[in-house]
Every structure is written in structure tokens, then in C-alpha cells.
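Construct the complete structure from the given sequences, taking the supplied hints into account.
From first to last, the protein sequence lines are chains A and B.
So the numbering used here is basically just the index in the first sequence, starting at one, shifted up by 18.
So the numbering used here is basically just the index in the second sequence, starting at one, shifted up by 29.
Simulated from the structure, these hints should not be mistaken for lab results.
Check the hints yourself; a few may be wrong.
To be verified - Taking CB as the label site, the calculated pair distances span:
(1) E430/B to V120/A: 43 to 49 Å
(2) Q117/A to A40/B: 50 to 56 Å
(3) G153/A to P195/B: 25 to 31 Å
(4) L381/B to Q117/A: 39 to 45 Å
(5) K154/A to A94/B: 32 to 38 Å
(6) E191/B to Q117/A: 25 to 31 Å
Every residue, glycine too, gets a C-beta built ideally from N, C-alpha and C.
Each chain, letter by letter, is given below.
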Amino acid sequence: MFGLKSFLAGYTDRISEDSHDPEIRELAKYLKTRSLSPFAQSIHVRMVDGGSPNDVELEEGLTGSPQVDAERFGIHFCASPRHADVLLVTGPITVNMKQGLVKSYNAMAEPRAVVAAGDGACTGAPFSGSYALVGKGTIEEVVPVDVKVPGNPPSPYALILGILKAGAVLEQKSAKLRASKK
Amino acid sequence: METTQLKEKIAANAPSGMKFTLREENETMLRLECSPEALYSLCWACTRAGGVFDSAFISNSGKGAFEVSYVFRVQDADRMVAMCASGKEFFSISHLIPAAIWDERKMQDVTGLKFGRMADSRALIFHPEAGMPDKRPLSQSAIKESEIDKSYPMPGTGAHGEYEIPVGPVHAGIIEPGHFRFHVVGEPILKMETRMFFLHRGIEAFAEGKTFSEAVPLMEQISGDETAANSVAFAQAVESACGMDVPERAKYLRTVLLEMERIYSHLADLGGMATDVGFYGASSRFTLLREEMMRLNKEVSGNRFLRGLIAIGGMSRDIPDDALSTLSNKLKRFLAMLDELQEITLSSSTFLDRAFSTGIVSADIARELALVGPGARASGISCDARVHYPYAAYGKIKVQEALETNGDVLSRFFVKLTEVRNAAAIMLEAMDKMPKGAVLSKDSATASDGKIGFGWAEAPRGSCMFMVEAAKGGKIRRLACRTASFRNWRALEQAVLGNIVPDFPLINKSFNLSYAGCDL
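Structure, rendered in C-alpha cells:
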């Protein structure tokens, strides 16, 4: 087809510790130390928008871009919370969206992890104190949070690193779950 | 058009004996005042005089009284015409102007007023079943339990064999929350209703009492990919209220930022349309271009979403000339890639078959709903604020409006594709003509108490409109904001009629409205 090679070749970022991008360097460092358990290597993510101004969603969409390509890290965005290991929540959480978030969280199977993505989800900024938010607007007010990814909005690589860290949390939770069943 | 001429034109269309007075005017707006009973007729007269409904605002004038303003864009008037009335009782104008119903439901929600003769008075911005605030943002008294109606009926058409498909608020894709209720028989959609405002963060009320510069970061959070447009429109409203002069270089830089935003926002829509027909070859290339543009944004402005640059009175910092020349070099390469991509997409029969004649919005419906932006231009309605109401540096740069006539998904695809090209041309011209000098005005950002300013910008999704009422000490007394998404959501309800359910994501993507931008 029309120059498929010329168009896509050479665009995927190389993940190495001597990259010019500090976020890629950090990711490369993390990948060296990461666990090799299946949970940490194949992570299915469901995102719920709790009240962000669609910027974090756009960055999540761009984790699938040919340059970043989240699937090479084993990260897959799936359609339902019932399929998901990780719930990626953006915020600040609004009163109107609280029920949607709670239902999505309850639909997930154990073990599960929650990533709060963006400044809004972590701190409620900049609308903390508005009448339309749940409490201060942090995700923690509604569901337990395992990993926080700050940023206004966090870049695709920061999101990927956050999701990979959630994978490590999942592994611990899974070990605990197995131990409790014995 | 002169003020007196405009007044005469409206008076000629008004019923005899109706009185209205000129209350205030400046270079961005003209306010006519009448009694609440006459408001209906005055709005009708304005429509007859060529006015297109733009937005409706309400503010609290104390002692249980409110002031309602209906804002119209009148052809050749170069500014907004607001019809306002103060009182305790108002009547809906949505029988005349169907576009106004959401605005009126929103005004009811924030004040607790009941508009007379409302065709639909369900709660809009609040979801009573999820919880109500202690008091409404524009009212002093607490909400009584008795005035909360937790039902939200979404009736179907009553056709034999009809069934409902509820979708959302959490969707399957990486998108924002909204609820869609389809009423279908088999595949074709008989009726669709949207329920929005899951992302209602109360931005308008939250901004009250803040200083103008404190509010700029809030405006950047209305909708992520309309950061520049919303903050420029807000800054212009404040500058108009305060009578500030903005340096020429800042105006040109704002123009460049607005067009950069249009490019990356439209690339997301174009790629999304390719995704939704299952044409991943084209969509991954569009995503590739979009990520390249985002990185270019960061290189030029320091932020992938162009945040932190717009300030009241100009720009918070200058963009150096060498960054601008990098931008213009990369743009030329980008345009070559876009040409290749257009060929790939439009030579695919899969794409053309799905996009052609899908999700038609007729010109009549577009006019009834007062649509703005690419959604209206695809139906042949000329409504580009950059052409009709120039702001920033658009008056000095050639802007070509992209128009199509079919009103289907393919037309919207073409409009957006042409706008991406035009945006690149505008940027190159603006960078070519870029004047030297300061980027921040020396005037102080203060206005006398109660002074009102209007500001608008053509965001990627259509024009947005801000009204700022100043308080003492450079603070905001009241902020009202109408985004393109708020105006255009109802077009989706019309566009899907008669189409099959699997085409809904494609039609939705062809408008690509912002949920957060609508919900505020």
C-alpha cells in the first residue's frame, strides 16, 4: 500500500537510559527492575473519567500512538471493567459521576488496582472546593487508590509508568490473595 | 452596522407599542433592555432582523430578582446583541427558538426559577438521584427536599416493537462519560436522547470571587483540547470589560496558538473517524501525526496542551523567533504527510461507503438548533467567528471558511481536513507578519463594579462565548460561558435519526464534541 514503510518506519521511540526525554529514561530504569510475573507483564486497563477536562483521556489515547505504543509494554485498554485488572481514573471526581465510578470499581474482579491519573484525580486541583465535587474531589474519597500519577495532564509515558507500577501492586495483592486461600 | 440602524431594524420587526431601551454598548456588545413580558417579542424581533441565537445568561440582581440575557449574533453588526430583562418571572423562548431550551433548563437549575411555558423542565446540570448541592449556585436559599424531582423520564416514540438501548455513562472507548438512550426497532434509530453533565464541575460558580488572572487556569480546564480557545475568549472578555489594549505581537501569537490547537484537535477527529469505520491503517497514521503535533506544541510552548501561555492583557511570556521558525519548517513537512494521508483515506471504498450520506444534519435543522463550528459549516451554514467577528489578529490575515453542503459525516470530514490545511496557512502567514515588541499590556486589569465584557473565539469545535461581569478589585462577580459543545450536542440527537446503531460512534466522532466542555 501507499508507502506504508516510509510513513511508519523509524517513528517508534527507543526506550533507553540515554534518551533525550527524561520520562523515557525513567521508564527504561523502571523496566530493568520490574517483576516478571504475568500480572506485571500483561495489564488490562479500564479507564473511567471522573471529571477531567478530557486532557488525560487524550493522552491515554496517545499511549496507543505509533511512537509510544503501549501494547509493547503489555498494556491493553479494554472495554469493560469486568475485563480489567487496573482501573485508571481521572478527576476531580464529580457528584454526578460518583455512582459510575463506584459501579465500575465494584464490577472488577480481585485482585484489582486503581491508578489516579492527573493532578485533578490526585488532589482535586484546580476545582477543589466546588459544590459539584465529591468532598475535595480526590479519587481517594470514593475508591481506594494504589498508584498516583501527577501531571497536568501526565504525558503518555508517565501514564504507562503508572500503569506498570499498578501491575507490581497487583502482583503483591495476588500473592496475598493466594496466601489467604491456603 | 451602526447602533441606531440596528435599533431601528429591530423596532421595525417588533410588535407595535413594544418598548425597549439601549442600556449599554461597547465594541464587543450591545445591550437592549425591556420588561420580562416583552422579552419573548424582542427576541423574535431580533431573529426576524437577522439575528442568530447564541447563548443565554442569567445573573442574580439581588432580592430574589434575576437578570436574563439572550445573546444574538446579528449579521453585519460586528458584535453581540444581548436582550436583557430583570424580574422575578420569565417565560421560555424555546417555542420560537428551539436552540434555547438547554440554556433555559440550565438557568432554571442554577437559580431555582421556573420559566413559564417550558416545553421540557427536567433538571439539566444536576442529577438529583446522584445528589444535589445544599444551595443552588445563584440562589441564597437552601434547596428544599420537596422541590427535588428525582425522576428523569426519557420516553420513546411508542412505536410497535420498540426497545431501548441505554449506553453509558462509562463507555467502551477511551472517552468521557455521557448517557445515550436509543429507541430502536431492529437496527434503525427512531429516537435518541442524550443525558450529559456527568462532568459538571461548577466552573462558572467556582470562578466567582476569583481575580481575573486566577481564573485563567480554570478556563484552561474547561476542555483539554480547547485550552487556548477558551482562555483567549475569557481573556478577551476581561480585556473588553477593563478596556485594555493588547499588544500586536500578543495578538499574533494568540492566533498561532489557536491554529496549532485546531490542527491537533482536528487530527484526533479525522483519525477517530477512520478508527470507527475499522480503517486502522489510516487511523494509526493520523495518530502518528497528532503525537508529532503534540510534541511540536511542547517544543514551541513548553506544554503539550499549550497551557500557561495566555494571560489577561496578552501572553504570559514571549515565544522566541527561533522557536517560531522551527514551527514553520516542521509545518511544511507536516503538510506533505497530510497530503499522503488524504490520498490513503479517500481512496478507501470502506471509508467512503460508511461516511457518505451517514448522519445527515440538514441546513434547516442546523439553523433551528443554532449550530456552530464544523457541524454547521458541513451543512452549508457560514458561521466562522474568525471571518464574521474577527478577534486576535484574524482581521489582518486571510481566513478561508471551509464550507460543504451535504451535512453528512463525509462533509464534516472534508470541512475538518480543509480547516487543518487552512490553519497551517494561517499560522505561516501570521508567523510571516509577526510584529516585534512587548507581549503583555501595561494597563491594569481592573474594571468598575458591574461592568460587563463579552469575548469569543472560534474553538476547533465552533465558537465559544464568554460573559464576564466585573466586581471591584479586578475580581469576577459573574462568569457565564457557552461552549461550542453545549450548543452542538443536540445536533447529534437529530443526526442519528434513521441511521443504524453501529453508525452512531462514527456520527458521534464526526462532531467530536467535548463532554467536559459541555458540562462545565
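Broken hints, by number: none
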